[in-house]
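Trainee: With the hints as extra help, turn the sequences into a complete structure.
Number of protein chains: 2
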Amino acid sequence: MVELYYWPTIQGRGEFVRLALEAAGVPYRDVAREKHGLAAMQAVLDAQSVQHPSFAPPVLRAGGLLIGQTANILLHLGRAYGLAPRAEAGRLWAHQLQLTIADMVAEAHDTHHPISVNLYYEDQKAAAKKRAKEFVETRIPKYLGYFEQVLENSKGSYALGKRLSYVDLSLFQLVEGLRYAFPRAMARNEGNWPKLIALHGRVMQVPAVAAYLRSARRIAFNEDDIFRRYAELDF
Amino acid sequence: MVELYYWPTIQGRGEFVRLALEAAGVPYRDVAREKHGLAAMQAVLDAQSVQHPSFAPPVLRAGGLLIGQTANILLHLGRAYGLAPRAEAGRLWAHQLQLTIADMVAEAHDTHHPISVNLYYEDQKAAAKKRAKEFVETRIPKYLGYFEQVLENSKGSYALGKRLSYVDLSLFQLVEGLRYAFPRAMARNEGNWPKLIALHGRVMQVPAVAAYLRSARRIAFNEDDIFRRYAELDF
Numbered sequence: 001m002v003e004l005y006y007w008p009t010i011q012g013r014g015e016f017v018r019l020a021l022e023a024a025g026v027p028y029r030d031v032a033r034e035k036h037g038l039a040a041m042q043a044v045l046d047a048q049s050v051q052h053p054s055f056a057p058p059v060l061r062a063g064g065l066l067i068g069q070t071a072n073i074l075l076h077l078g079r080a081y082g083l084a085p086r087a088e089a090g091r092l093w094a095h096q097l098q099l100t101i102a103d104m105v106a107e108a109h110d111t112h113h114p115i116s117v118n119l120y121y122e123d124q125k126a127a128a129k130k131r132a133k134e135f136v137e138t139r140i141p142k143y144l145g146y147f148e149q150v151l152e153n154s155k156g157s158y159a160l161g162k163r164l165s166y167v168d169l170s171l172f173q174l175v176e177g178l179r180y181a182f183p184r185a186m187a188r189n190e191g192n193w194p195k196l197i198a199l200h201g202r203v204m205q206v207p208a209v210a211a212y213l214r215s216a217r218r219i220a221f222n223e224d225d226i227f228r229r230y231a232e233l234d235f
Numbered sequence: 001m002v003e004l005y006y007w008p009t010i011q012g013r014g015e016f017v018r019l020a021l022e023a024a025g026v027p028y029r030d031v032a033r034e035k036h037g038l039a040a041m042q043a044v045l046d047a048q049s050v051q052h053p054s055f056a057p058p059v060l061r062a063g064g065l066l067i068g069q070t071a072n073i074l075l076h077l078g079r080a081y082g083l084a085p086r087a088e089a090g091r092l093w094a095h096q097l098q099l100t101i102a103d104m105v106a107e108a109h110d111t112h113h114p115i116s117v118n119l120y121y122e123d124q125k126a127a128a129k130k131r132a133k134e135f136v137e138t139r140i141p142k143y144l145g146y147f148e149q150v151l152e153n154s155k156g157s158y159a160l161g162k163r164l165s166y167v168d169l170s171l172f173q174l175v176e177g178l179r180y181a182f183p184r185a186m187a188r189n190e191g192n193w194p195k196l197i198a199l200h201g202r203v204m205q206v207p208a209v210a211a212y213l214r215s216a217r218r219i220a221f222n223e224d225d226i227f228r229r230y231a232e233l234d235f
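First to last, the sequence lines map onto chains A and B.
FYI, the numbering for the first sequence is 1 to 235, going by the UniProt record's numbering.
FYI, the numbering for the second sequence is 1 to 235, going by the UniProt record's numbering.
These are calculated hints, taken from the structure and not from any lab test.
You can trust all of the hints, since none of them are fake.
Any copy will do: because identical chains look the same in the list, a pair fits if it lies in one copy or spans two.
In the DMTMM-like style, the derived pairs of lysine to aspartate or glutamate whose C-alpha atoms are separated by at most 20 Å in a straight line are:
(1) LYS162 - GLU152
(2) LYS142 - ASP46
(3) LYS133 - ASP123
(4) LYS133 - GLU122
A quick note: this is a predicted structure, and the numbers were derived from the prediction, not measured.
Mentor: Here it is in structure tokens:
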């Protein structure tokens, strides 16, 4: 069975993998949420224990492979479970979009941690306010405007055409996260990205996704996560 | 002929692509360095002009494909020109390492731009000092210690074994950039990463790489680039 190793109390980057596994109906263990799971997660990050250690979670064990880096895991899952086009052009295009989503997720994280991951938010709040203001005013419009354009260029109602792919699932999660972290900014500006918002709604109604979101497997957003709701950062 | 579209006056993320093309002996045009090249670069980023616009350069046009995102371009080049293993396990492992390098490059960039890419360095210098200190003291050791471990686990003298791959070229460039930006910190700490430093020297002596580094095609590091030498950030 496929095994996911990721922090057990946050959605984080692992959520992009969970959504893909759920949407494709792949049976999987979310190992770190089981008893002694954190020790198991540490083991797959340990270069003494494994041949291909990851720098950070998420890590996926599947079919004899141990795979790190979120977008890389999705590259594998897309191929293995039909969540991406098979031909090289479509496969690379899907991955390119996923890497751009990953860049935006990293920037969203840095709104509350602009100085260091080793310091508390409270110890970098002044810089966080400046970075969050820039993120809300210039980066959200630039990234989401780009994804809106991608959807306009699409020949179907999903990002890559007529079929659901991991890119759609990730765009759904991106909108979810931004709405959680920046509710006022998103409410004010969502009208600029009608196709992206429509895609979010469409993905939410995919039966396997809807079932997952209702289940206890979906962890709630919280302030240990990448997307955090701090009123003072919601410009 | 393969066409690279990237900023003409910096190494930047494009350099990881240039190194791969040079090492593989692929004839290519560095389009934005030619006359009217910046307009040509803008065109491949324009969603009205192309079906698969990129969010940012570098962009590669090769064999009918237009590919964005540095690591994605290398994924393609690795397969097309033998710069990565062909089997899925090795291919994904190479890509995972490249994505981890990309994460470190983004963090290196943010040492001088911790608040916003839209502001000058001088306008975010106080935050930059804090972020750079954390980067030098905790992130460089964590990332380079990880890559050192990867080299220790390797069955050959290159990151993936006995053959040069794009990962080795990127690790070379990473060390180059860090030495340029943080000369004191690197001089003090390089002894902790003997295999990585040896790899850097080995890659520099690959004939095609050595020829490239001596040529006018190699742009010098400068303070418009990702890796910048600011004495006050070299802790």
